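Enquirer: These are the residues of each chain, in order.
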Amino acid sequence: MRRTTYIQALNEALREELQRDEDVFLIGEDIGHYGGLFRVTRNLLDEFGEKRVLDTPISEQAFMGMALGAAIVGMRPVVELMYMDFTLVAADQIFNQIAKYRYMTGGLLKAPLVIRGQQGGGKHYGSQHSQSVDSLYAHFPGIRVVAPATPYDAKGLLKSAIRDDNPVAFLEHKMLYFTRGEAPPPEEEYLVPIGKADVKRAGSDLTIATFSYCLLQALDAAESLQQEHGIDCEVVDLRTVEPLDTETVWESLAKTGRLLAVHESYANCGVGAELVARAYEEAPHLLRAPARRLGMAPVSIPVSRALEEEALPWKEEIMATVLEMSRR
Amino acid sequence: MKQAERALHTQTMPDGLAQPRAEADAQTGGSLLHASITTNALPSESKSAIEVPELDIELLLDMYRKAVLIRLLEKALLAAAEEGQIGGAMHTAIGHEANAIGAAYALRSGDYITCTYRGHHHGIAWGMDPGRSIAEVMGRSDGFAKGKGGSMHFVSPQHGMMGANGIVAAQVPHAAGLALASHLRGESKVAITFFGDGAMFQGVMHETFNMAAKWKLPLIFYCENNRYSEMTPIWRTSSIEDIYLFPRAYGMASMQIDGNDVEVVHAAVSQAAERARSGYGPTFIEGITYRLAGHMAGDLETYRPPEEVEKQQAHEPLTVLRKKLLARGVEEARISEIDEEVDEAIDEAVSFAETSPWPDAAETYLDVFSESTSEES
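Line by line, the protein sequences give chains R and F.
Per the working numbering, the first sequence runs over residues 1 to 328.
Per the working numbering, the second sequence runs over residues 1001 to 1377.
Just so you know, the hints here were simulated from the structure itself, not pulled from any lab data.
Note that the structure is a prediction, hence the values are computed from the model and not measured.
Below, computed lysine-lysine pairings styled on DSS-like, alpha-carbon distance capped at 30 Å:
#	chain 1	residue 1	chain 2	residue 2
1	F	LYS1311	F	LYS1075
2	R	LYS51	F	LYS1216
3	R	LYS174	R	LYS51
4	R	LYS315	R	LYS255
5	F	LYS1214	R	LYS110
6	R	LYS196	R	LYS315
7	R	LYS159	R	LYS123
8	R	LYS110	R	LYS196
9	R	LYS123	R	LYS174
10	R	LYS51	F	LYS1214
11	R	LYS315	R	LYS123
12	F	LYS1216	R	LYS110
A few chain R residues facing chain F, derived, Cβ under 8 Å:
#	residue
13	MET66
14	GLY69
15	ILE72
16	MET75
17	GLN97
18	MET104
19	ARG163
For glycine and all other residues, C-beta sits at the position ideal for the given N, C-alpha and C.
So that you can see chain R by itself, here it is in the shape it has in the complex:
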């Protein structure tokens, strides 16, 4: 094992898959000659050339649709959206076309492509560059949704996503890019399966189910709750939002009896609402207290750091909610 950054892990995953499968190509804005706004695709153009790393004009609808066209004949495009907010610019192609193509064609065609990019708040980018779109993607059948929080998971899941025969939304987080973590060196190949959650902190009093950058906030909150209040939280990293690994969550719930779902997309109609609803439907006998969810406040994301922090469901809010739940 060695320490690496989240960005480096992504870059390695792309490089290894470009090497492994000649049907894989990257397409997006500023990803080639510039190396990507966040440098995720750095050096890949030099190594693989312009037929594998394609710089596009600012035409999200067209290059998203082109990725679909190439995918239905077996290529494996990896599309970078500079900000996942631009999902909304390419929404017809993503939700009306890519997600539905296999179904509409009665299984005759499939769309093995990856839509990747960073989402989330914390860097004061405001309303159109800070949204979290995990819940939005998860609403539509036909598209897998992955949101890893550690460099290890990011690399293993991106490689799995590229090999998957379904379209996969691979959601990175701008606050995670420069975080570090342990991962095997490049010569030791590994994959992380899509659809498997991972217990990142064992605990006995309450289950926090979360993913992406909120995982780091939840782990931080769990430490403080342990030290300051003697509350022992188990933190489950969902890693994949579609499909949801409820089995792992219910296993945790069997120990703790309390469930709090946390994410940065809106709480309203969000992944957390879904998880909590499923807990009541599928595992009500495990709940010893009402299950709850935390998400982004129902406002557009403000630029001012004072306001942005207020709107985000981060450490303080997680702690306050856990304390409320523990009092019951």
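Use these hints to put chain F onto chain R, whose structure you have.
Expert: Only chain F this time, still in chain R's reference frame:
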């Protein structure tokens, strides 16, 4: 140069009552013509004549058979819709046949096509079975997509038909992606995408023009200009009526042709395919045509007088092709024989579709996700 003249389409097509220019002229004294930015300002090759060779008579007869097949299939579908056997939106291509047939015969097996929801004629022209096609429209289990796609989503990869689409212009970048795949893999496959005049003003169309031209993709944009964007003629929505002018702004070759003549379409698409395969990039073809039936089954057609449709009957693809065959010495009896043969084939296709079982309820939940990965597929 008689043959070449046929490609000059607007002169040979009488302008219908949707004719905009004359009317606009009358109202404004000509100012709406935007003479400085439309045809008058173009270089002389703008409506450049293409060589239109006479096709082999047997090939023409085969095309005629396909044209009748499409025409009768569409009529059968309209009748079935009237009987309540078909739900949802169904858009027939009566009057559009030559665009699909001329193109299909000009391309090779292995080439790709995507098209709009008005796509039955493309499916049949590219070789899809009429019985299974009708079954698909009726939502039966023998349909190509097991009844899940229906009229607006014709698909049959084995025929190169990679998908008709319910969203106007959405299929255009898909064809560009297919062309891109061919290009990246070093293949000589060409993609063609069909759309209507109504699709010209979707943003994704222009995005794709730009990328296809810049990347010199082996792609053919084929606009079936049937004069109406659904129920609205183009002169109500755009100040430029000559659609073939738009792609030139992106550095793309384009031409305007008579889309009702299979030989003209065949020649234009052959030329475009040749350019694409030789690495010269995309070509835009505007085929002037006319939709003889409503926009969709049940269209009240209040936007055009019956006389306008009547006037177009003299120029519709089957009439044009029949005249051509007779003029080249084909016996009337041979043509009627084809008519009867196809009529029977359509009866059989309809009864095949009507007796095709409904899909099993369990089918509802299949084909959402694939369980496989690249290692297995």
